[in-house]
Structure formats: C-alpha cells, structure tokens
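J.: As a plain string of letters, each chain reads:
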Amino acid sequence: MTIAIDRRQFLKASAAAGGGLALEFSIPAVAAPAKGIPPKEVNAWVVIHPDDRVVIRIARSEMGQGTLTALAQLVAEELDCDWMRVTTEFASPNEHIRRKRIWGSMSTGGSQGVRSSQDYVRKGGATAREMLVAAAAQQWKVPAAECKAEKGVITHGASRRRVRFGQVADAAAKLEPPKDVKLRDPKDWKIAGKPVRRLDIPDKVMGKPVFAVDVDLPGMLHASIFQSPVFGGKVKSVDASAAEKMRGVKKIVREADFVAVVADNWWRANQAVRALKVEWDEGANGNASDETIMKMLREGLADPKLPEARKVGDAAAAMAGAAKVVEAEYASPYLNHATMEPMTCTAWIKPDGFVEVWTSTQNAEASMAAAAETAGVPLEKVEVHKMMLGGGFGRRGAPQDFVKQGVLIAKQLPGVPVKMMWSREEDMRHGFYRPASLVKMKAGLDAQGNCVAFEARIACPSILALLRPEAIQKGIDFSAVRTLNDMPYTIANQQVDYAMRNGHVPVGFWRAPGLQNAVYRECFIDEVAQAAGKDPLEYRLAMLKPGDKNRLVLEAAAKHAGWGTPLPAGIFRGIAMSDGFGSFTAGVVEVSVNAAGEIKIHRFVMAIDSGYVVNPDTCAAQAEGNAAYCIGMLYQANTVKNGRMVEGNFDTFQIPGMSEMPKVETVLVPTGGFWGGHGEPGALSFMPAVLNAVYAATGKRVRTLPLKPGELKKA
Amino acid sequence: MIKLTVNGRVHNVDVEPDMPLLWVLRDQLKLMGTKYGCGIAQCGACIVHVDGEPVTSCRAKVGDMAGKKILTIEGLGKPGLHRIQKAWIEHEVPQCGYCQSGMMMAAVSLLAKKPKPTDADIDEAMTNLCRCGSYPRVRKAIHAAAGQSPASPAKKA
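If you're matching them up, the sequences are chains A and B in order. If you're matching positions, the first sequence starts at 1 in our numbering and goes up one per residue. If you're matching positions, the second sequence starts at 1001 in our numbering and goes up one per residue.
The reader is advised that the hints may include incorrect statements.
[Unchecked claim] Cβ pair distances, simulated, as ranges:
#1 A/247 with B/1051: 55 to 61 Å
#2 B/1012 with A/652: 35 to 41 Å
#3 B/1115 with A/220: 40 to 46 Å
#4 A/298 with B/1112: 51 to 57 Å
#5 B/1051 with A/220: 31 to 37 Å
#6 A/652 with B/1010: 36 to 42 Å
#7 B/1112 with A/711: 39 to 45 Å
#8 A/242 with B/1010: 31 to 37 Å
#9 B/1010 with A/244: 32 to 38 Å
#10 A/242 with B/1012: 27 to 33 Å
#11 A/294 with B/1005: 52 to 58 Å
[To be verified] Which bits of chain B does chain A cover? Going by a derived footprint, with three or more residues having C-beta under 8 Å, they are:
#12 1065-1071
#13 1098-1104
Hints listed in this document are in silico derivations from the structure and should not be mistaken for laboratory results. Backbone N, C-alpha and C fix where the C-beta goes; we use that ideal spot for every residue, glycine too.
With the rest of the complex left out, here is chain A (with noise of 0.2 Å):
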C-alpha cells in the first residue's frame, strides 16, 4: 500500500500549521509515477523507480502502532535514500513463499515488529546501498570505497561524479549482494532514532479505503454471519424461509458451528442472517457461567499437586519463619480485544481454483495457511492481501476464524468475491478472550520489614493450550505465568505454581498477555510495603540489584512525576514497574476519587528502555495507547451465562472515552545494547499504579477487577 498525498495539499497543510513543526519531517510527498518504465527490485526489501522514488517492503502489519514508519526509517537509514521520496508496500504474502520467506517473519504481535527484524532489514537497506554504491563505482570504474551515498546520490569525490539511485538500480540489481555489512551505530542515526511523521496517517485522515472492511471488488457480495451463541455449539437446524425472501439475499450458508447469509449489500445480508430461525446443539457448555468458571478456578487453587513456574530458596521454611506474613487474592475477568473494524474477510475462489484473501491480519502466513487448509489447495495458490488493522491487540495474530469462514462462505459461491463482516455483537461474543484468572499470594516479612519469601498460585486458562500447544513446557504456559515466576526483586525464597484450568470460552493474547500478573504483582508488592511500614518506591529500589534497568525506569518516572513531592488535595499518587516484551517500564499515577467512589485518572507518567528508540513520537502514542486500552479494566468484564457471552456491544462492554483519558507524559529513557519493544510495556505499569494511587486515595484495596459498583463509595 502506497500513500499518495496530494503534494499541494500537503504543503498548504504545513503552511497553514504555521512553522511550529513539532515533528522533524514533513510527509514523503510522492510525484506521480513515471509512465513506461518499470521500477527496479534491488532486493526483497528496496525497489526503485527511475525518478528515484524508493518502495520499502514492509513484512509486519500495522495496526496503529507505528511500525510501518518504523521499520521504513531503518531500512532507510541504512540506504542512505532521501526520505522525501520514501514509499512503502506491504510483502506479498505469497512470494514470500515462492521466494522461500525471504521477508523473514510477517507475525506482528508481542511487540516484535520492531525488535525481531530491526537486524536483517536494516541489512537489507545497508546491501542494496552498497549495491547501488557498487554499480556507480563500476560504471566510474574507481574503488567503491571512494564513493559514497547520501540522500539517494552517490558522489565520487575525488572526481567530482554524481549520480542518483534511479539512474544505477538496474545496474545494482544485477550485481551479486555483498555477504557480509557494517551497520550504522545508532548514535549517527540521521532517518531512524527521529520523531518523523507516520507514513500511514494521510490517508487514513481522508477516508480513503484501506481497512478490510473497506474491499470493494466488481460483483463482489457482502456476508453477515451468525456464530453458535454457545462456543463448541453446533448447528441442528435452520429454517430460512423467511430470510431468502428477504429483499437482495443470494445464498444461506450453513456450516458445522454458523450459519451466514450472503446478500448484495451488508445491511441486507445482517438483516436475513437475523431473520434466520437456528436450532442449536448446545453441547456440554451451555451450563456454563461465571460461577461455574470461578469454581473451576478456586478447585486449581486448591489443588496439592500444581507443576512449578518458579523455584527458588524454600519458600514454604521461609514463610514459617517470618516475623509477618502478608497475603491476598486478586482476580480478574475475561476481556474482549473489541477492535473498532470488526473481524473481516473477503474471499475469492476464482476459476482456476487460486484463492485470494483481503483482511486485517496480524499474521498473514496464518492467514494464508487458514485460507489454504479451508480451501483445500495447495500454499502457493493463495494470496493473502494485507490490509490495514483497524486495530489488533493480539486478536487477529493466532486465530484465524474469520479468514476460514470467510473461504468456507466463499466455497459456496465459486468464481465470487464474498466480503464477510461480523456484526459488533458478533466480535463481542466471539473473541479470543483475556483469560480470567484467580491469583493467591503470599510474602513472608523479617522483622526489619524485608520480604524474605514470596509464594503465588495462578489459577488461570491457558492461552497456549489453544492457540500454540507445542509451547507449553511441563505443564507451563509462559504467558499465564509471566511477571510472577520472572520478577526482578530480589527476594531469596520464591515458589509459584500454575494450576491450568481451561473451561471452554476461547482465550487468546490480548495486548500485553500475562498482564493481569503485573497488576497483582504491583499491587500486592504495594501491600507488603505497607505492611513493612515503607514507602513503595524506597521499598522496591530496595529489592533491585545495582545496574538492574528496572531501578533505572522506577527511578526516572519518579524523578520526572515528582514522587515524594506535596500534591494538589485530594490527588493521589501510585507507583508500579514491570519489564516485558523486551523493555522495562515504570509508571506514576495520580488520580482522584469523588464521594460517589468514582476514580478520574489525572496524570500518567510512563519510564520506558527498550535499548533504541526508533521514532519517539510513535512510542509516546504508544504509552498513550496502553493507557486508553487499560482504563476500561476498571469497569469491563465479559461475563458468561448459560455458556455464551453476555455482552454484546459497547453499551454493557463499555470503551473508555475522552473525558476519562488522563494526560500521558512519556519519559524515554534508552540506555542502548539490546532492542525492547514499545506496543505492549506501558500496559503492565498504568493499571497497577492506577490501583495503587486509588488505595492511597480511599485507603481501599482493588483486588478484583471489574470494581463492583459502589466499592469506592465514602460509607
């Protein structure tokens, strides 16, 4: 996907912003294509047209996140290009195949996008610089060591020779690439390491179509569907009678576990799919609720014989000799991504039995793999088109349900292109939704207050035992277990066990997986430095090594929110840190609650070190993202009854809005040498430093989420 702003647009857009540019580049603005004659791949991940216009393939997805512009400013600072004249394209997911991967991994989820390619495609950008560099050096016939590229132009300085990247890429693409290339120190960085403006925001400011939902092919048909309202369900009957005499439906589709209906316009097609008269075999689940899930988990709890995610010291002889013990339980319910484009997918099983797909996938070799499983052909026949994610959140990575449906609807209509869209009440009962959990701890004081054993038992559904098996180490699923069996403080005797309780609502990764373990962690810790008399941040540092990067986030996000400091009356503050996805964070929270035991969020200051900062502008949204997404924990739950879920759409799941969203001040603190990610870390500090001010306000523990209405309230 290219961007094609209009350039005078554009220019009056930076006029009238009137000089005070925030942001340090001015969008590419791309001239229109030179007709005739054909761009030039110098390799996977740089082609170049004539004029000099650079396409940078881009193999993960975006979502909001930033990496597109991300991974392009790497691959460009390597290449030496001129920014201004920077495009990118999605990899096709299907040469991707043919050419054996060459684009590496196309996954995007775990705050990976960055961090797990940086390497080889700022390689990629550094070999197709020498390469073009090679070319000029050839046709002077000088040394390539005497040439040198900047901004697209190699120059040649003892002769004065220039030329431009367009006029020697067909020459460098016939060139053998070098094997080995030195990569820039990022203290030289010029593209990368800079707030440049996303390249992705022009179009999405205009309306134009770039979301699955947004597909539009001739004679292409629109689907709505409807899933078994109890998961594991299957479809017994279906009377359509009164559906396919509904004004421009085409087909009834019924399949093992949906029934769908395809019509010549949406709106059509969701009506009939209502319309429809569906019996259900419910299967062992539809006794299922919320109750029956707690029950399942307080059984894991108790269970003697639970494998162990961590041991250290002795913790139960600890425990047993500690001058006080503190202990609690903390839960948490099931969450909904609720991304704002609904799951999409379009399918077309053309003639020849090739099968292309349009979606929004954080995974588009799961995609294609879905689509070519459901369509019984081989990879090599399936194209899978990346279009924009009208948010991810780790819902379109794994699970790829919408895209089988999608060719399972489209089988029926061979030759044409169907566009199936959930309905909002369909993507809320149908997630991969954030597991429950129920969580006991236990930290055992010597008599100074110092935390000598610390023990948790996670009851908890695993995410692995659904969407990656093989993962799962004995009896262990990392991301049921994170931050509680890998924490930083330095406590000798440590012992957590996990007990796996699945029960059968589908869970999956939502943004910062295994974050409710941050929450409880950072509460309870909280808890154990008010029962040692200390104040919580002395009582953290105290518990992290010298050197340990987390003391380094806690200590700068402290310093930067003016921890210790007098505030405003009646604002509190709250303190928390976790390292995951590859980078540590800390956050500071102030926040108010009225009589009526309401919390209004006033100040979030985020402390990140993911090592290299890539675009800073894009991993403050990011902080401002993570906090947005996790307010709504305080009052979102999707509950279950009769073995489907209650919720169905933004009114009882409700999203935070504006006026909840607190000011967000990023504090980046990169200290180099290793490579964090940035979409998914300030989640594990906003909500347990949320929670933590709200006890210093209210003098009340938060340790099941959602709050239950009333709890805050002044008696």
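Put chain B on the given structure of chain A with help from the hints.
T.: Frame of chain A; chain B shown alone:
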C-alpha cells in the same frame, strides 16, 4: 427511489427506506470513509453531517434523508483539506485510524458551534470511541485547529 445529496452530488438510490444511511453510503455509493463500529449509535465511527448537524449514520434511516445535504469525510474540506484534517496530520492523531473519520466529523461540528472550545467542551462533544487511545492528540488537534496553542509533544529525555 430516494434522492440523496451527498458531498454536493445528487444520487438516486433504490433501497428500502429503513436502510441506515451508513450502508447506503458504504455499500451503494462506495463512500468507504464512514465506518461501522457498533450499529447502535454508541461509538461515533459512522458520524456524518446532515444539514450541518452531526448524525450517527448507523441509526439514521435513509428514507428520512431525502432532500437533506449530507457531508462525509470524502467531501470534507474539498477542495483541499479541512483545517481539522490538517491539524490531524500535524499532531499525528490517528493510530489505526478506523474511528478517525467520525472523530473528525464530530470535531468539525464542535468547532462550528464553539470556535474556541474548552477542554470541558471537548469532553462533552467528543463522545466518539477510540480503542487505540488517540484522545490526547484529538484534544491537541482540536485546540490547534481552533487557533489555540497545543501542549508540546513528548521529548526524548
């Protein structure tokens, strides 16, 4: 046939009068900038202007729209870009971008009624939902478009 004026162009559409305007815009007129988010007028992703007023098009029956002037994101600021769109670019507002058409249409309405909105005005008028958390930048961009000085963005420590 229902006669609709959208972005200054007249269209005759042969649809059921109870079809929501959103689906006429998206599926019949192929104006895809206006988005479906909830279908129950909760999220604001589908906001368009009808005779200058912000309307959640997912709940507006097309039969009630005959003779009215409808403005969508595609027609906003034409020719060129509206000052809200320019401010949106300037302040890097969108993340995923899905809710942003509705967000901008609501912001344009707010500025029409209150040329210099306060933070409280913005909280009250901007009830659109954004899952990515573009809210602080929406606020800054509205202030900027109103000619009020926005706060400075995050700096490297």
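J.: Next step is simple, just say for each hint if it's right about the structure.
T.: How the hints compare with the structure:
Distance hint check for residue 247 of chain A and residue 1051 of chain B: the Cβ-Cβ separation is about 28 Å, which falls outside the suggested range of 55 to 61 Å. In this structure the supplied range 35 to 41 Å holds for residue 1012 of chain B paired with residue 652 of chain A, their Cβ-Cβ distance being about 39 Å. Checking the proposed 40 to 46 Å range against residue 1115 of chain B and residue 220 of chain A shows it holds: the Cβ atoms sit about 43 Å from each other. Residue 298 of chain A and residue 1112 of chain B have their C-beta atoms about 56 Å apart, which keeps the hinted 51 to 57 Å range intact.
At roughly 32 Å, the beta carbons of residue 1051 of chain B and residue 220 of chain A sit within the given window of 31 to 37 Å. Between residue 652 of chain A and residue 1010 of chain B the beta carbons are some 40 Å apart, a value that agrees with the proposed interval 36 to 42 Å. Evaluation of the 39 to 45 Å hint for residue 1112 of chain B and residue 711 of chain A yields a pass: the beta carbon distance comes to about 41 Å. For residue 242 of chain A and residue 1010 of chain B, the Cβ-Cβ distance of about 35 Å falls inside the hinted range of 31 to 37 Å, so the restraint holds.
For residue 1010 of chain B and residue 244 of chain A, the hinted distance range of 32 to 38 Å is satisfied, since their beta carbons lie about 34 Å from each other. Hint check: residue 242 of chain A to residue 1012 of chain B, Cβ distance near 29 Å, so the stated range 27 to 33 Å holds. A C-beta distance of roughly 56 Å is found between residue 294 of chain A and residue 1005 of chain B, which places it inside the suggested range of 52 to 58 Å. Counting residues of the stretch 1065-1071 of chain B whose beta carbon lies closer than 8 Å to any beta carbon of chain A gives 0, which falls below the threshold of three, so the coverage claim is violated.
Counting residues of the stretch 1098-1104 of chain B whose beta carbon lies closer than 8 Å to any beta carbon of chain A gives 5, which reaches the threshold of three, so the coverage claim holds.
Of the hints listed earlier, those the structure fails to meet are numbers 1, 12, in rising order.
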